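Protein chains in written order, with the working numbering: chain P, 1 to 105; chain R, 1 to 105.
None of these hints come from the bench; they were simulated from the model. Check before you lean on any hint, since a few could be wrong.
Identical copies carry no separate label here, and so any pair may be met within one copy or between two of them.
What the hints assert, rightly or not - Here are the computed lysine to aspartate or glutamate pairs in the DMTMM-like style, where the Cα-Cα straight-line distance is at most 25 Å: (1) 97 to 22; (2) 8 to 74; (3) 35 to 22; (4) 8 to 101; (5) 97 to 86; (6) 97 to 28; (7) 97 to 68.
Predicted model only: the values in this text are computed from it and were never measured.
Protein chains: 2
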Amino acid sequence: MLAKVSMKPPYYAVIFTSVRTEGDRGYEEMATTIKKLVEQQPGFLGMDSARSHVGITVCYWDSLQAIERWKKNEQHRVAQALGRRDWYAQYRVRICKVEAEYGWP
Amino acid sequence: MLAKVSMKPPYYAVIFTSVRTEGDRGYEEMATTIKKLVEQQPGFLGMDSARSHVGITVCYWDSLQAIERWKKNEQHRVAQALGRRDWYAQYRVRICKVEAEYGWP
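Isolated chain P (complex conformation) (with noise of 0.2 Å):
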């Protein structure tokens, strides 16, 4: 199922694309945590997540604000400390605008 993003455009996407390194290392777990965390940030309006050969994962929020107070929250700093440290090889984050959206049916 795709994420259901109830807000019209202006509205904004955080694209967050990775290489895993190898093996699990917490990662599941954490991740799962952080799922949790998210998706009760206010702000926040749904998220789409997929993993082949690179992962991408895109949350969307209603403000910069929120996007910024999710970056600082302090379990969410954890996260991102171990990510460099254990899970990612590599990991790029854009910050994005959403000017309009449309779909299908």
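Take the given structure of chain P and dock chain R to it, following the hints.
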């Protein structure tokens, strides 16, 4: 490997999220064709793609004009029509302005 986007923000991203139908139905062949074609388009900067329960493809572009031109490309229009008929149960397209970017390492 993640996309290497040489341009600094602001630039544009198109987030294409989808749920596939069952079976291939000619999808992989068209996906290969369209991937080669999009890489040749003026203004194309790179692409990240992954699929689990949902598929996410993010294409990066230097302008809204380049995105509009690609949307109207004849071969791409054929693929869009076949996508709605055969390959996708559901999709969303989001046109985004990338306002900031950072990464690691």
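Results for each hint:
no., hint, verdict
1, 97 to 22, "neither (33 Å within a copy, 33 Å between copies)"
2, 8 to 74, "neither (30 Å within a copy, 29 Å between copies)"
3, 35 to 22, "within (21 Å within a copy, 28 Å between copies)"
4, 8 to 101, "both (8 Å within a copy, 23 Å between copies)"
5, 97 to 86, "neither (30 Å within a copy, 31 Å between copies)"
6, 97 to 28, "neither (29 Å within a copy, 31 Å between copies)"
7, 97 to 68, "both (14 Å within a copy, 17 Å between copies)"
Hint check: violations occur at hints 1, 2, 5, 6; the rest are consistent with the structure.
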